[in-house]
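Keeping their order, the protein sequence lines are chains F and E.
Mapping to the UniProt record's numbering: the first sequence position 13 is 13, numbers consecutive.
Mapping to the UniProt record's numbering: the second sequence position 176 is 176, numbers consecutive.
None of these hints come from the bench; they were simulated from the model.
Misleading hints may appear alongside valid ones.
With a Cα cut of at most 30 Å, we get these calculated BS3-like pairs of lysine-lysine [what the hints assert, rightly or not]: (1) E/LYS212 <-> E/LYS266; (2) E/LYS216 <-> E/LYS31; (3) E/LYS109 <-> E/LYS283; (4) E/LYS259 <-> F/LYS56; (5) E/LYS216 <-> F/LYS16; (6) E/LYS283 <-> E/LYS113; (7) E/LYS259 <-> F/LYS60; (8) E/LYS212 <-> F/LYS35; (9) E/LYS274 <-> E/LYS31; (10) F/LYS16 <-> E/LYS255; (11) F/LYS16 <-> E/LYS42; (12) F/LYS35 <-> E/LYS210; (13) E/LYS248 <-> F/LYS35; (14) E/LYS31 <-> F/LYS16; (15) E/LYS259 <-> E/LYS244; (16) E/LYS184 <-> E/LYS259; (17) F/LYS16 <-> E/LYS266; (18) F/LYS35 <-> E/LYS216; (19) E/LYS42 <-> F/LYS35; (20) E/LYS274 <-> E/LYS212; (21) E/LYS248 <-> F/LYS11; (22) F/LYS60 <-> F/LYS16; (23) E/LYS255 <-> F/LYS35; (24) E/LYS244 <-> F/LYS60; (25) F/LYS11 <-> E/LYS210; (26) E/LYS255 <-> F/LYS11; (27) E/LYS212 <-> F/LYS16; (28) E/LYS212 <-> F/LYS60; (29) E/LYS212 <-> F/LYS56; (30) F/LYS56 <-> E/LYS255; (31) E/LYS248 <-> F/LYS56; (32) E/LYS255 <-> E/LYS188; (33) F/LYS56 <-> E/LYS216; (34) F/LYS11 <-> F/LYS56.
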Amino acid sequence: MYLSVRVDTEKCIGCKICITSCPEPNVFIFLPEQKLVEVNESRCKACGLCTTVCAKEALKIG
Amino acid sequence: MKTGMLKISPGFEEIMPPEYRELVDNGPYGKNYGINDLGSYKELLEEHPLCAGCGLALSLRLTLASLPMPEDTVIVGSTGCSALAFPQVALHNIHSLFGNQNAVASGLKRALKLRFPDKEKDVVVIAGDGATADIGLDMVMQSWLRREKITTIMLDNEAYANTGGQESGMSMQGAVLNMAPTGKKFPKLSLPEIAQTCGCAYVAAASPAKPKQLAKVVRRAILVAREIGPTYVQLYSPCPTNYKFNPKETVSLIKQREKEGLYQSKEYISQEAKAFLESMEVKK
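Isolated chain F, as found in the complex:
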C-alpha cells in the first residue's frame, strides 16, 4: 500500500496553502462549492510538505 496525504474535511477551510506548497502537480484539487481540497492519491509522493504548512492540521500522511 502506497502512502499518500489524507484530508480531514472537518478541519479543512479551503485556504489553498497546501496547493501552492506542493511540489507535485495536480495532487490537490480545489472544490470551490464546498471550499475544500481533494487529493489525487495516485500522484502524491507523500513528502509531507503540505502537512507542515497547513495551519489547521487538516492534512495527514497515511
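Chain E: place on chain F using the hints.
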C-alpha cells in the same frame, strides 16, 4: 499561437489520452490564470520524476503557473535537475547543451521577432545554478551585455544535484555535499549583483516559501523583458536529497535561512523598467 490549434479533431476524442483531453478542456491557454487559480485547472506540468519534497519542483511549478502568456511562451532549459521535468511541460520548450541556454534563447528571440513582428513572444530561460552561474556564466553574461530581451530564471538548489552532489558556484561556503566531503572553500557567488552590473533592467531574488511574491517577480520580469531589456530572477530552491534534510522541511528551511540572513529576497528595478511597470499597472 491560436488556441484553436489545441482542439482535438472530431471523432478522435475517445482515443486521445485522458491527460491531453483534460488539458484541452480545462487548460490554462488564453485564460490568464495565475497561482491563485491553482487546483481548479490543469497545470502546465503532468507528472515529473523529481524527488519528493523537491524545492526546485515547487519553484518550477509556481513559475510555470505565473507565466503571463503560456500559449506564446518558449522555455529554454539546460542540463540538470530542472531538465528532468521538461518533457512533462505542456509548452514549447528547448533543451540546450549544458550552459548554452542563453545563447540559444538569444537566437530564438531574434528569430521570433523577425517571424512574428506584430506579436509578443516570450522567451524564458529556466535553468539550474550549474548551468547559469558556473558552466554557462559566459553565455549568460554576454546575453545580458548584448541587451537581449529574454528572461533568465535560475533555480538555485546550491549544488549539481543531478550528478550526485558536487559543489557549485552557488553553494554556501563550508557546505558539505556527497562529492565535496571537506566542504566548499570559497563563498557563494552573488549573481543578482552581477546581473545588475551587466545591465539587467529587472533583477529579483525570491523563494517558493512566498508563492505570491514569486509569482509577482516572475510576471514582472517577463513583462519588462518584452519591452525594455534582459531580466534575471533567482529562486532559492533547497534540495532535500543532497543536503540531507527531511523533505517536509523544505519550506521551513527557507524561512529559517531567511531569518538567519543567509538568503535574502531582493528586487532591483531600473528607472526605465519602473516607469514601464507603473504604466502597466495604470492600464489595469
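Verification of the supplied hints:
At roughly 14 Å between alpha-carbon atoms, E/LYS212 and E/LYS266 fall within 30 Å of each other, so this suggested pair holds. As the CA atoms of E/LYS216 and E/LYS31 are separated by approximately 18 Å, the hinted pair is consistent with the 30 Å bound. Restraint check for E/LYS109 and E/LYS283: satisfied, since their Cα atoms lie roughly 26 Å apart, inside the 30 Å limit. As the CA atoms of E/LYS259 and F/LYS56 are separated by approximately 24 Å, the hinted pair is consistent with the 30 Å bound.
Straight-line distance between C-alpha atoms of E/LYS216 and F/LYS16 comes to about 18 Å, which keeps the hinted pair within the 30 Å bound. At roughly 25 Å between alpha-carbon atoms, E/LYS283 and E/LYS113 fall within 30 Å of each other, so this suggested pair holds. Simply put, E/LYS259 and F/LYS60 have alpha-carbon atoms about 27 Å apart, close enough for the 30 Å limit, and the pair holds. Between E/LYS212 and F/LYS35 the alpha-carbon distance is near 20 Å, which keeps this suggested pair within the 30 Å criterion.
Of the supplied pair hints, the one linking E/LYS274 and E/LYS31 holds, its CA atoms being roughly 26 Å apart against a limit of 30 Å. For a cut-off of 30 Å, the pair hint linking F/LYS16 to E/LYS255 stands: about 19 Å separates their Cα positions. The hinted pair formed by F/LYS16 and E/LYS42 meets the criterion: a straight-line CA distance of about 15 Å does not exceed 30 Å. For a cut-off of 30 Å, the pair hint linking F/LYS35 to E/LYS210 stands: about 22 Å separates their Cα positions.
With a C-alpha separation of about 25 Å, the suggested pairing of E/LYS248 with F/LYS35 holds against the 30 Å cut-off. Under the criterion of a C-alpha separation no larger than 30 Å, the hint pairing E/LYS31 with F/LYS16 is consistent with the structure, at around 20 Å. The straight-line distance between the Cα atoms of E/LYS259 and E/LYS244 is roughly 20 Å, inside the 30 Å bound, and the hint therefore holds. Distance hint between E/LYS184 and E/LYS259 is fulfilled; the C-alpha atoms sit about 22 Å from each other, no more than 30 Å.
Using a Cα cut-off of 30 Å, the hinted pair F/LYS16 and E/LYS266 holds, with the two alpha carbons roughly 26 Å apart. About 25 Å separates the Cα atoms of F/LYS35 and E/LYS216, which keeps this hinted pair within 30 Å; it holds. This hinted pair checks out: E/LYS42 and F/LYS35 have alpha carbons roughly 18 Å apart, not beyond 30 Å. The straight-line distance between the Cα atoms of E/LYS274 and E/LYS212 is roughly 20 Å, inside the 30 Å bound, and the hint therefore holds.
Of the pairs offered as hints, the one joining E/LYS248 and F/LYS11 holds, with about 20 Å between alpha carbons and a cut-off of 30 Å not exceeded. At most 30 Å may separate the alpha-carbon atoms for a hinted pair to count; F/LYS60 and F/LYS16 meet this at roughly 16 Å. Straight-line distance between C-alpha atoms of E/LYS255 and F/LYS35 comes to about 28 Å, which keeps the hinted pair within the 30 Å bound. In summary, the hint linking E/LYS244 to F/LYS60 is supported, as the alpha carbons are separated by about 23 Å, within the 30 Å threshold.
With a C-alpha separation of about 23 Å, the suggested pairing of F/LYS11 with E/LYS210 holds against the 30 Å cut-off. As the CA atoms of E/LYS255 and F/LYS11 are separated by approximately 25 Å, the hinted pair is consistent with the 30 Å bound. For the given pair, E/LYS212 sits about 12 Å from F/LYS16 by alpha-carbon distance, which is consistent with the 30 Å threshold. With a C-alpha separation of about 25 Å, the suggested pairing of E/LYS212 with F/LYS60 holds against the 30 Å cut-off.
For the hint pairing E/LYS212 with F/LYS56, the CA-to-CA distance comes to about 20 Å; that is within 30 Å, so the pair holds. Distance restraint check for F/LYS56 and E/LYS255: the Cα-Cα separation of roughly 19 Å lies within the 30 Å cut-off, and the hinted pair is therefore satisfied. For the proposed pair E/LYS248 and F/LYS56, the alpha carbon gap of about 16 Å is at most 30 Å, so the pair holds. Of the pairs offered as hints, the one joining E/LYS255 and E/LYS188 holds, with about 19 Å between alpha carbons and a cut-off of 30 Å not exceeded.
Between F/LYS56 and E/LYS216 the CA atoms are separated by roughly 27 Å; this keeps the pair inside 30 Å, and the hint holds. For the proposed pair F/LYS11 and F/LYS56, the alpha carbon gap of about 6 Å is at most 30 Å, so the pair holds.
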